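Dock chain G against chain X, hints included.
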Amino acid sequence: MSLEQYKDRNVGEQNYYMVDIEDYPTTGWGKFTRVVKRTFSGELFVGLWVVLREMIKFDIHTVSYPQEKLPIGPRYRAVHKLLRLWESGYERCIGCGLCEKICISDCIRMDTKIDENSRKEVTEYTINFGRCIFCGYCAEVCPELAIVHGGRYENASEQRAHFVLKDDMLTPMDLLTQQQEYPGFGAVIPGTDKSVKKTPLAY
Amino acid sequence: MSKINITNFTIDGRSVTANHGETILNVARREGIYIPTMCYIEKTTPCASCRLCSVEAVGVDGFVLSCNTPPTEGIEIVTNSDSLQTERTNIMKLYDVNHPLECGVCDKSGECDLQNKTLEFDVSQQNFTARDQERSIENWGLINYNPSLCILCEKCTHVCNEVIGDDAIDLQFGGYKSKVVPKDSDILDCTFCGECIAVCPVGALVSSEFQYSANAWELSKIPATCAHCSAGCSLEYEVKTVGAATAGQSEIMRVTNNFEFTSLCGAGRFGFDFDKRDVKDVNEFNKAIEKFKSANAIKFTSMVTNEEAMILNALKEKLGLKLFNEEARNYQKFMRAYSKVSGKLHHSATLDAVKQSDAAIVIGSRISTDNPGVRYALTTASRHNGAKVIYLHPMEDALMQNVVTQMIRYEVGTEEGVLALIAKALLTEADLDETSQNFLNSLDDGYLCAESNVGEEELEMIQKSLRRTKNRVIILGNDVINHDRAENIARIAALIEEYTDFSLLIVPSEVNTLGVSLICDLDEETSVNSVVGYNAKADYTVASFGEADLNVAALNQQEGTFVSVDNQVLPTNVAIAYEGYTLNEIAGALGVEAEYSIDYTPQLPQTSGFKATAFDDLENFLTHDGKDVRGYILDNVNREKSVKFEQIADLPEFNGTVIYSSNPVLQFNPYTADAKQLESDISLRGSAQFAAAARIADGDEVEIQTSLSSVIRVFKLDAELKGTVALNPNFDLGLERTLGSYRYEIAKINRVSN
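Which chain is which? The protein sequence lines are X and G, in order.
As numbered in the working numbering, the first sequence has no gaps in its residue numbers, which increase by one up to the final residue, 206.
As numbered in the working numbering, the second sequence has no gaps in its residue numbers, which increase by one up to the final residue, 832.
So here's chain X without its partners, still in its complex pose (with noise of 0.2 Å):
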């Protein structure tokens, strides 16, 4: 997109037009004569019947909260998940550590130790939402997708800490069918694959 439009500052030469607004009353009868016609000019009625109307054609576009809710944007920033593999159900999380490097507010920490198959295994991962700013660092610079921002807005509980241990986040077994892949910061961009180079194998 061009920002021409928006540097230039040459305010004459364009579509501009000035709004016809009345002058404000400066004498007692002027300020008078206004708040009568204000009171008497029926404009209320004016407002219930496009109520009126619009209750009677039952196009209602009310979302009816918390019963409904709007889509969010996909690079809205709530709390967290950490995501699971879709077919193993394995944990996605490597316990790699950027995402505790990376935050600026020094919030997330992590326990990892080497399990039995001899691969990394992270014991305990939180986020001290006392400290979060919700910048998405960490989602961005995790190598696999394994932290990201839901899209989970409603954050009142009894306790901040409700949202912040690996069990609240992580994707719980039984509804690993309804994970959803995110979309948001971080994310592969479409068409990724065509920019992979290959390895090459000579032999």
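What the hints contain is simulated information worked out from the structure, not anything from laboratory work.
Treat the hints with care, as some may be off.
[Stated by the list, open to error] Here are the computed distance ranges between Cβ atoms for each label pair: (1) G:Asp-617 <-> X:His-165: 47 to 57 Å; (2) G:Lys-358 <-> X:Tyr-68: 47 to 57 Å; (3) X:His-165 <-> G:Glu-165: 57 to 67 Å; (4) G:Asp-694 <-> X:Arg-134: 29 to 39 Å; (5) G:Glu-757 <-> X:His-165: 38 to 48 Å; (6) X:Gly-133 <-> G:Asp-713: 49 to 59 Å; (7) X:Glu-90 <-> G:Arg-108: 55 to 65 Å.
[As the list claims (entries may be wrong)] Covered stretches of chain G (chain X as the covering partner; in silico rule of three or more C-beta atoms under 8 Å from a C-beta of chain X): (8) 177 to 191; (9) 293 to 305.
Computed from a predicted model, the values in this text were never measured in an experiment.
All C-beta atoms, glycine included, are put in the ideal place defined by N, C-alpha and C.
The following block gives chain G in isolation, referenced to the frame of chain X:
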């Protein structure tokens, strides 16, 4: 230095000079000119495997390896050009061929040379290829090896061979299949110093306990000094808060060192988890104060900082107590006798002097386990200077086999005679004063040789092998310091130091024996009532290990200083905060007040060579060119001379079954006994000859009875040992550990029937 030994040349147009033996890389580093390397390590001979340090020399075809090429007069060196850049980038590309992309989990990520150099040379795509090999991850006990990650730089094999002396790993050559393997063995049989882990530039060799438990950037480094032996190795405790979801607690995750210049043994590297956890218990504290007030004496061990020793000494003066520490008192006695002859308070040699020596005599110490720092220094001297190492001890030591050029086995207890014979052999041409000459003349060589079993031909061989050596060191250990005749031995040692070009290293047994001996006014231990023990068993015990009445902070939880074998005052720091009481708080309640223990650091006695430097002004690091600027070296203190010798006493005989108080590799004290990674072998180890003499067999449970104590241990037959002396450990005895007596004892060995 004479002019001939200096070479003038230029690097990148800058005029520089090289001293004799310096390579182009040495000079460049000294001058601050950057030449990239992957396999170079300062403390070994150049591996010359990476070829990254190639430079151009004007007028010379092809590249020159700067790491192992000394410059010639007037040569012009270019460290950076387009062709060099291409060469180096290609080398990095080759290193990256098939290197697993597992940085995400690799322990080395964040401090990896391969990562750094790959980014430095901007290797973003690969145009080389090789068929990958099947490689399996090896588990070698404390060490895990992943050949896929290995870049075959050979640093590990070089340090293992040249610095440590284990010579336990080797490179199995096979082109692209090459890998590091245990030398001549299927399993890794070494002392597990972990130096190979430290030098590994990638994540190929890692600590199996640490693996995958933390990322490099999560760890905060606490510079400190090792608390296990008197070598005073510099190390960094790497600490992390564990327990992400719970209220986190700090824990030491691993220990690292500046591996470019220094080394650590396995006890330092893996034996770090000896911290004490406790909270303040006011009742017990008040009880302790009462006990101190009513005490007649304080008994302590040398596992204390200088500041603690200072506090204990202040308590002695304040409360009119006696201060018992036999082991440090023996050292003090030894050094006082030494001072009378040498006129100096401190011995002259350092570990650096040992490293640079070309001849060393070791007497009275199983040095490889007593002080690995000295062992590594001897190995370095042997490998780099071809040093003659003459090792005198009643028992052979398999760990020293590769280093020792002449082994002399003397009879147990005859150290005094042995040193006198050595002195006579070394001082044949010296211009001695009359007293000393008379003393040497009065020696009955025949008797001494016969009783100590040191033959005249062996002494002649010593003389012969020392003939063309220049830097000589004599190293004395624990056996002579705690000998009944220690004072006379000290005089003879001082005599050798005084009249030959030998420098003298006296190795204290505990971490801060030297510091304690310089600070405390110690009393001879007698049996008195109500003794309070500090890190030692007594009627009321205050200690940082074992079952104590009142717990105090361990040595990795304290600020303070140690005095190392180098006569260097070394600062150590708090790795883990201690919530309970400290000695300073106890002393405060008893009227010896200071806000912090380290307030005593500048008050350490200047008469003993300490400086009035505040703790916070002490540095704790090595400079980029390896200069040790930790703490400070004790000032030389001159003492009044009064040369007087005693006649050599009749050499004692130790017949029958003798036990030698000696700990296995990596074990020193109750701290190392607590460390969960260190193998804890508490068996009595002896030869087949010992087994026959004691009428016991391998695996028997035996009771070892000496004049002082009795302990039950399992006997293990050790094929590497000979003779009728068995090794009896004491590190596991905790507070019951007795120190400060001669390490050999005649013991009655009885099989425990069950």
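Evaluated hints:
A hinted range of 47 to 57 Å holds for the C-beta pair G:Asp-617 and X:His-165, which are about 54 Å apart. Our hint of 47 to 57 Å for G:Lys-358 and X:Tyr-68 holds, since their Cβ atoms are close to 54 Å apart. Against the hinted window of 57 to 67 Å, the Cβ-Cβ separation of X:His-165 and G:Glu-165 comes to about 58 Å, which satisfies the hint. Take G:Asp-694 and X:Arg-134: their Cβ atoms lie about 32 Å apart, and the range 29 to 39 Å holds.
The given range of 38 to 48 Å is respected by G:Glu-757 and X:His-165, whose C-beta atoms sit roughly 46 Å from each other. At about 54 Å, the beta-carbon gap between X:Gly-133 and G:Asp-713 stays in the expected band of 49 to 59 Å. The given range of 55 to 65 Å is respected by X:Glu-90 and G:Arg-108, whose C-beta atoms sit roughly 57 Å from each other. As drawn, the segment 177 to 191 of chain G meets chain X at 5 residues by the rule of a beta-carbon pair under 8 Å; at three or more, the given contact holds.
Counting residues of the segment 293 to 305 of chain G whose C-beta sits closer than 8 Å to any C-beta of chain X gives 3, which meets the bar of three, so the coverage hint holds.
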